[in-house]
Amino acid sequence: MRWLLLLLGCWWLTACQPQQPMPMQSAPTALTIEVAPTSGVGVDLPIRLYVAPDWNGRVTLTLQTSYAVHVQTVSIQQGLGTLLLTKPWNEQRGDVSIVARVDQLHASATTTLQPSAVVEPIRPLVGARSIIANGATWSMVVVIPHDQFGNPIADASLVNITAQRPNQQRTRLTAKTAHLLAWQRLYSQTVAGKTLISAQSQGRFGPQAELLEVAGWPVQLSVQLAQPLPRLSADGYTFIPIQTNLIQDAFGNVVPDGTSVVFEVDDGLGQKRSINSVTIRGIAETQILSPNQATRFTIQARIFRITSAPLVLDIPPDGATDFLVQAVVATDVISVTVGPIVGSLQQYVPDGTMALLQVNGPIRLEQTTDVVAGYLQTTIRRSLLPSGRYLLTCWVGDRQSNQVFIIP
Amino acid sequence: MSQRRFKIIIWLLFLLMLGQSGVWVVGRVAWLVASFQQGADPASALKLPPILPPEATTAIQWLPDDADTGRVMEDFTRQQLTSDYGRAWLQWNTSLKIGRPYNLRTSFSGPALHYLTTSISASANMQIDQIDTAHRLQLHFYAADGSIVALTDTQAEVYQLIYDVDGKLVSAQWLYARYELVMLLQDGTWRIRHWVRHELSVPLEPTYQPKPQFVQSQQHDLQFEQRPFIARGVNYYPSATPWLHFWPAYQPQQTTIDLGLIQQLNLNSVRIFIPFAQFTEPYSTSLYLRSVTDFLDQAEQANIKVIVTLFDFLGDYQLARWQQTDSYLTTVVTSLRDHPAIMAWDVKNEPDRDYATASQGVVEAWLTHTIRQLRRLDPHHLITIGWSTPAAAERLSQAVDLVSFHYYAAAEQLPAAYQRLKQIVGDKPLLLTESGLSTWNSPFFPHGHDQREQAAYVINVSQQAESHNGFLIWTLFDIPDVPSTIAGFWPWQRGPQMHLGLYTADYEPKVIGNVLRGLEPVPVVRWWEAWRKPFRITVIGISMLGIIGGWRTYSRRQRKKRRTG
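For the protein sequence lines, the chains are Y and X, in the order given. Under this note's numbering, the first residue of the first sequence carries the number 1, and numbering increases by one thereafter. Under this note's numbering, the first residue of the second sequence carries the number 1, and numbering increases by one thereafter.
Every clue listed holds true.
Straight line, CA to CA, 30 angstroms or less: simulated DSS-like cross-link-like pairs of lysine-lysine:
1. K428(X) - K211(X)
2. K422(X) - K211(X)
3. K168(X) - K97(X)
4. K176(Y) - K194(Y)
5. K168(X) - K87(Y)
6. K87(Y) - K97(X)
Calculated from the model, a selection of chain X residues having no Cβ within reach of chain Y, i.e. all distances over 10 angstroms:
7. Q3
8. S21
9. Q79
10. E157
11. H245
12. Q360
13. A487
14. R494
These are computed hints drawn from the structure, not numbers from a lab. For glycine and all other residues, C-beta sits at the position ideal for the given N, C-alpha and C.
Make the full structure from the sequences, and use the hints.
The following block contains the structure:
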């Protein structure tokens, strides 16, 4: 126990002993940064710090690059210290702001990291991807050439752009990089097709890009029968094939497949229809059902605001024979049978042919019904008709037949 | 120790453990229930980009485009680009602050994303807090297909704080740079693919440009309409609706009455406060601004000049809030800057009191920045900071046009404070914007004063201040209801704050009110009047009772001793 107390006493006395005074060091009076004004990216860059008068210690260095904030302490021996700016801090193009601080002193310097040589691939970015081949519209080729660290290369670097046109002609353009990229307008020529584009800079190459040059607005649009028909009649079931001419622009380029064409049909009976179609190999087609009564069709094709001259088709009656109408008055209903309704070949008219029944008398009734298997069969409730004499008329196409019946 | 006592201790320990366990179980169950009540964060579930604070885009301005940009940019695209560029900076700042890449993919791609991610991950041994406060964009190129832009941020202003691993501030600096940018439209968002930084020299500060129709500074003095202007005024809140109740409950008729009272006191200035939180509320700000404008209109009619104190109750100076404070400044100042009643902008009331909670460096950096922004918005009005003491007013004196401070210490020491401040601030005019003495005279707490003392003090201080551009007294009215957040909880904190007015809460003029109106002479306070104060009377009374009680006890003991002896 006594030894232990002695030991503790010694330890306490040692702890209380004043520490050896540190050799006094004069405070730094001047701080200077020495760094090259420019350097290349990826190159180790020495940054020298001078602290007067022959100071020893540590200086805090703050570096601000394009993308990074970096803080490092630098050991100063005899007033001199060096920091090597290495990867990844030296890989980014742009200014590096360096601020050194010690005590109340601070110094700043700036160095510029220049981009290195361009590397592959040099990729041309083309937009719009599709333009009109009229010699006036244009697309753009944008190239962002970069060095091995992904930095855009120095301004005013030359970029050569080559475009092979659909007619195999070649267009060569030159652009200079500015604001980190190079761009040029690429005007169309007058032949539609695919233009292939490549870019090259400082002997470095890249993949091709494509630009479609397509036909512009058609200059002539007309409508015609797709094939000569042996007979055109209001039979209600024949389809009439209609097509446009070969649609071309002013330079003879055929409009692209899928160009939308609208056929506008006026059936001469007070109804107008629009039939949508698209072009295939420059021609748009459609088919129109022939009417069941004689009329005059007026047909026009339209692409946006361009409209063809009208095609007029006179559709004569199909020479069908008359039909009979029978009306049998029963207790509750009047049974109506019309038929046989036949066409010009003495055949049943197609099922679904529309017929109109009109009842005229003390009151007036109208009813439409489909023809099935050459006959029309329907009933009319007697309760709808007061007593009297009635004229029943049936219309099928432009033909009609009558029958009189009496409700007692 | 008896067995019974031992058992009691054991039982108490057991109950304590049981109680702790119970609290823990209840806490965990509550947490579990709460976690089931919450849905997933839609932004994380749907991978939506975080919502950009509206003020983040206010600091971005556009310069005229280059002559040939390839394609003319549509307004919609420009708005989208502005928003996405602001977001990019927000994501970068946030990532630097938290020390890991945070949502950088939303705003960066290609080499820019790679380098930012790498650099942020590599700087884990420090914390970087930075805020971008201004951007000026110029468009150079806009691709025909609308997917690529090249532009330059001609002047990015960034304030940056760097802390080491121990939280010690390593660096605090403004950075001015020009950034060349290439941005690509990807998935409907403009992302930065390349940027190259070029350092800029420190820009020229906007300067004060006096206008004759406003109060101007002329070396040490203030001038208005070519004549010296001596401010004689009060700090103003309505008695019934002080502090945060003022603008929400603003009544024009009340203002008319109160400004009439100020005129009766032969005063010509008033200092008002624009709370930060209220004037950043999206729906009520315009309403409150109409109220402020009405107040200024009435003040102008009454020939009263107004010092508008901004950012009242702002206590958070974090860099992340600077854009919001800039937005507040833009809203308030652009609405009011042409008003002739405004004498000066007071950037902040007593910012030096916030040094304890926010570091002095950050507070002063914010003040410097805000003064610069304010000067850009309004170069014609005087700018000041309402420091809490003359010593604090020595800071940033070169940044303001008018050095203002508050003074509540002994009136006899005021000349020395003026003299020292004049030596420090040079030819800047001085203004005492707060001074006063409370008439709270409690029988239980010391340091009370009566109305005569108040009058003597205020007149003494104001007479001295007249030779230094004037004074503004705190306040026009006593305020019966002082929130504890303003003055504190304890009665000795709240009491004095409630009785600083020239009028009582019932609109009764105090002695100082009558003196200012010329109805009474300045009272002379004799030394012996201090003994009339309720607290001293209480102390004397209690002492007398103590002495009497002690004497009687002593006498009783002596009698008892004699009897037993």
